[in-house]
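Engineer: The lines below spell out each chain.
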Amino acid sequence: MADTTAPPQSQASYVRSGGLTALIFLPPALTLFTVFVILPIGEAGWYGFYNWNGLAALDNFVGLENYRQLLANKTFHQAFINNLLIIAVSLAVQLPLALGMAVLLADRLIGSTAFRMLFFLPYILADVAAGLIWRFMFDGDYGLISQTWQALGGDPLYILADRHWAYAAVLTVIVWKYFGFHMMLYIAGLQNIDRNLYEAASIDGASPWQRFRFITLPGLKPMIKLSVFFSLLGSLQFFDMIVSLTGGGPLNSSHTMVSFLYYFGIGRMRIGFGSAVGVLLFILCATVAFGYKRWLMRDDND
Amino acid sequence: MLVKALSGLAVAFAMSLASAQAADVTVRMLHVNETGDPYWKKIAEDYNATHKGVKVIVDYMENEAYKAKLPTLLQSEDRPDIIYSWAGGVMRAQIEAGYIQDITAHKAEFDQVIYPAPLGAYEVDGKLYGVSVQLSEVLLIYNKALLAKAGVDPAQMKTWDGFLDVLKKTKGAGVTPLIMGGADKWPMHFFYSYLLMRLGGPDVLTTAETTEGGFKAQPFVDAGAKLKELAALEPFQDGWLGTKYLPSQGQFGDGKGMMALQLNGFIPGQQKNATDGKGIPNDQIGLAPFPELPGGKGKITDTLGGVQGFLLTKDAPPEALDFLKYFVSAEAQKASAEAGVYVPATKGTDAFIKNPLVAEIARAISNSTWHQNFLDQDLGPSVGRVVNDVSVAIAAGDMTPEDGAQQIQDAWDQR
Amino acid sequence: MTETALQAHRPRKGPLALPNSDVVPASLTAPLTGLPRFLILCFVAALVMVPLLATALGGFKELGELRTNPFGLPKVWQWENYRGILASARYWRILGNSLFISAVTVALTLAVAAPAAFAFAHLRFFGQRFLFNYFILGLTFPFATAILPLFIKVRDLGLLDTHWGIILPQVAFSQALSILLMRNAFRQLPAELLDAALVDGCGYMRFFLWITLPLSRPILATVAVITFVVSWNNFLLPLVVINTNAKYPWTLGLMDYQGEFIVAWQLILAFITLTILPAVMMFVLAQRYIVSGLTAGAVKG
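Protein chains in written order, with the numbering used here: chain H, 2 to 303; chain C, 8 to 422; chain R, 64 to 364.
To be clear, the hints were calculated from the coordinates, so they are not data collected in a lab.
There could be a bad hint or two in this list.
Said to hold, decoys possible - Heads up, simulated SDA-like pairs for lysine to any residue below, C-alpha to C-alpha not over 25 Å straight-line:
#, chain 1, residue 1, chain 2, residue 2
1, H, 222, R, 155
2, C, 76, R, 155
3, C, 76, R, 327
4, H, 294, R, 327
5, C, 151, C, 414
Claimed, not checked - Negatives, chain H to chain R, calculated, CB over 10 Å:
#, residue
6, 92
7, 119
8, 140
All C-beta atoms in this analysis are idealised placements derived from N, C-alpha and C, irrespective of residue type, glycine included.
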């Protein structure tokens with residue numbers, strides 16, 4: 002390509018050589034992506050129409066039967082609700098907490114960096130490890146929470162054995178682990194807000210609360226959207242911590258859709274059924290992504 | 008280009024890794040028996056010492072992890088050569104999928120060594136697919152000291168009402184009557200299975216399997232109702248729904264509850280997993296059969312239990328079969344029989360059993376009027392797990408017995 | 064092209080470069096200052112730290128002491144719990160496996176995604192828009208949705224129970240975000256630079272290798288950090304792909320250990336502490352890179 006004696010190439014030949022280069026630069030990424038991402042998603046759609054244990058021949062076509070069973074499955078209903086609960090807690094607890102901490106830590110005050118790092122630390126731990134750490138915390142016999150309760154005069158608390166509270170425990174750990182990440186998003190967003198606005202406002206005599214309400218909050222709007230988007234996507238793929246913290250129990254009360262897919266699809270050798278779950282998840286992810294894009298565009302036009 | 012070269016290199020590297028171990032024949036055996044593990048590793052060591060060029064590796068995996076792993080495990084090129092099995096429907100599914108070797112040609116040899124009934128569990132359509140190694144029985148295992156403390160008589164437990172009475176009295180005396188590893192679910196299905204056996208009698212499962220809607224029949228609903236009646240007394244320890252099997256052994260060993268409806272393997276297990284590592288000594292343990300039910304078709308001498316053994320997977324080398332032959336020999340099984348870890352299926356090993364508890368179980372099994380395999384294995388992977396789910400849900404008051412039967416039926420129909 | 068010209072075009076630190084470059088008068092943005100602020104922060108910090116400290120300290124106790132002395136320091140420090148794990152081959156093996164998997168995943172991700180990103184940033188070819196959108200499609204799909212067919216695919220390729228069975232899907236699933244991030248960064252290099260280079264007779268390949276890549280070190284680092292962390296913490300994929308415990312990455316190894324020593328909480332706690340230690344140490348040493356890498360990746364992607 003780079004013949005140094007040749008005269009300067011015309012625009013048209015750039016384009017052509019660009020195409021040639023692309024033929025070298027693109028195929029590895031394209032191949033891997035197609036083989037391991039696109040094809041499996043397509044195949045999930047295919048397998049979802051079969052009652053298949055993954056071993057025998059793929060010949061038991063059942064149409065929409067897997068989907069019918071799935072939509073009638075009470076454990077799946079619970080798993081779906083649990084996914085919604087993650088979103089609810091993200092919005093009602095995690096978002097305000099992360100925002101509050103971000104506001105307190107955005108400026109360079111004493112200890113800000115140390116606190117930021119501390120709050121971010123749980124985020125880098127693997128979900129599996131975080132789940133085990135909290136499995137210990139919630140353990141009725143050895144865990145600190147039960148021990149504290151007993152020190153106050155109560156009976157041992159078996160939180161993870163209680164179908165009404167086990168999932169609340171999962172939600173607690175989610176906030177513990179992820180609020181630091183969202184806080185960092187908000188801190189990044191705060192640094193995008195024009196400082197002069199604050200100075201002008203304080204000259205006008207605005208209270209700190211008013212400054213927060215009328216400058217900080219509107220300025221953070223894009224970041225808040227982004228943070229909500231991550232909560233949605235995070236909820237749809239939430240799995241590891243379920244395995245290490247509750248195993249989906251007690252009484253299948255703490256499954257998410259992905260853990261449902263794993264335990265009821267792979268664990269019971271029902272590849273077709275599990276694929277149907279995957280397809281449903283895929284549709285939800287696509288909806289979230291598409292909805293988010295619309296949501297962003299709508300506000301950009303405001 | 009670099010990328011292509013790299014990924015080419017990567018694949019080549021992966022392949023070379025796969026073929027690197029060709030020098031010695033390696034035989035890998037995978038099982039779930041925690042207390043048997045050291046004995047089985049020893050058998051492999053002895054075998055390796057006398058067989059040059061063969062290396063047998065015995066690996067232990069936790070029970071639930073193994074069951075969850077098995078479907079993917081079998082499909083890997085690197086699948087273990089010898090896998091642990093509970094026979095029954097799960098094994099049949101594995102055979103149908105073509106992952107298990109037919110060893111009918113060696114049946115005569117195994118016939119000489121292993122008792123016919125347990126070996127028969129590994130035959131499907133007249134072909135032999137595996138060997139049985141250990142027999143187990145599910146029975147009431149109790150702590151004599153706590154029984155005395157609660158002031159109850161084990162003889163009362165022969166009938167259902169007497170059994171419920173014992174639970175009430177025990178609870179009244181401030182002792183937890185039953186230890187349950189509810190988080191793993193299958194421990195609860197022992198209650199459901201025994202109730203079903205006592206109510207429905209020996210042909211209860213075959214009838215259900217061959218009749219349209221057969222799993223909704225009366226014995227299935229009634230077994231659920233009886234389980235509900237039992238659970239209504241709240242006989243289990245606090246937090247039982249979140250307790251896994253091994254920690255539940257530890258709780259029994261720590262004296263936190265009087266009784267468990269468990270496999271005989273629970274006895275050495277509670278000793279190992281107790282906080283002090285000693286647990287309840289054998290002479291402080293008593294055994295009792297599951298009670299009889301009034302008007303039921305089953306007998307008190309009918310036993311629920313397992314016929315656990317090993318299967319040879321597809322592509323396992325001949326050395327693996329040779330090792331299995333040695334493994335089930337009386338010589339190899341002697342040490343675990345003496346230690347009382349389990350009841351071997353090998354002929355002539357009863358002479359080695361010193362532990363009176365194990366001897367008692369061995370007797371009960373050999374006198375059994377009907378030995379039913381674990382339901383969660385017998386009914387196959389998808390239906391079996393539903394039976395476990397249903398048992399726990401009924402006991403937790405989360406499901407009616409009718410819904411439970413319906414769910415088992417649905418799982419059977421959707422199998 | 065002079066060195067200064069290159070300097071001038073070096074992508075500026077975005078707003079997300081977290082180190083506080085601009086100092087703001089203290090009270091302007093924060094509604095709370097002084098002691099109340101400090102107390103609130105300490106309270107939240109305690110909630111974050113207590114489980115971690117309890118885990119690390121619990122690993123120094125005996126099982127019984129976890130019950131009798133849940134809150135205090137160990138009466139006798141049981142170094143043996145930790146020493147036993149550190150002396151075991153198992154601990155080093157699972158960390159080594161994870162390191163291998165993650166390092167190769169990062170290297171391959173960069174090697175595969177960077178040229179593709181360059182093609183999207185600087186070349187013009189038929190179907191470009193379509194192909195780019197095709198990759199972007201992958202942005203929102205976690206592999207959980209396709210884990211079953213992915214498993215079948217890995218099996219059919221004979222990669223089951225190999226580290227490549229984890230690495231290749233991980234590289235594939237990291238393409239969407241990596242390509243997007245790198246394309247955006249590569250585009251910030253001014254077009255005149257490329258034009259000048261091409262006129263000078265410098266081909267795309269050389270331009271890519273000698274100019275684009277060296278100038279884009281920050282974004283390469285970002286992609287590397289994200290890919291590494293995701294791979295290091297991956298659990299679901301190894302769970303379905305790996306069967307032999309000699310090949311377990313640390314996440315599987317941790318669950319395996321937990322299953323085996325399920326009643327010995329003190330050992331499990333020590334094992335958790337030791338397995339998360341590498342991540343914590345990396346974080347402390349390279350916190351700025353990691354924080355800005357993970358958040359920047361999230362924001363730009």
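Engineer: With reference to the structure, classify each hint as holding or not holding.
Structural biologist: Status of each hint after checking the structure:
| no. | hint | in the structure |
| --- | --- | --- |
| 1 | H:222 - R:155 | violated (46 Å) |
| 2 | C:76 - R:155 | holds (24 Å) |
| 3 | C:76 - R:327 | holds (24 Å) |
| 4 | H:294 - R:327 | violated (49 Å) |
| 5 | C:151 - C:414 | violated (39 Å) |
| 6 | 92 | holds (18 Å) |
| 7 | 119 | violated (5 Å) |
| 8 | 140 | violated (7 Å) |
Hints 1, 4, 5, 7, 8, counting from the list given before, are not met by this structure.
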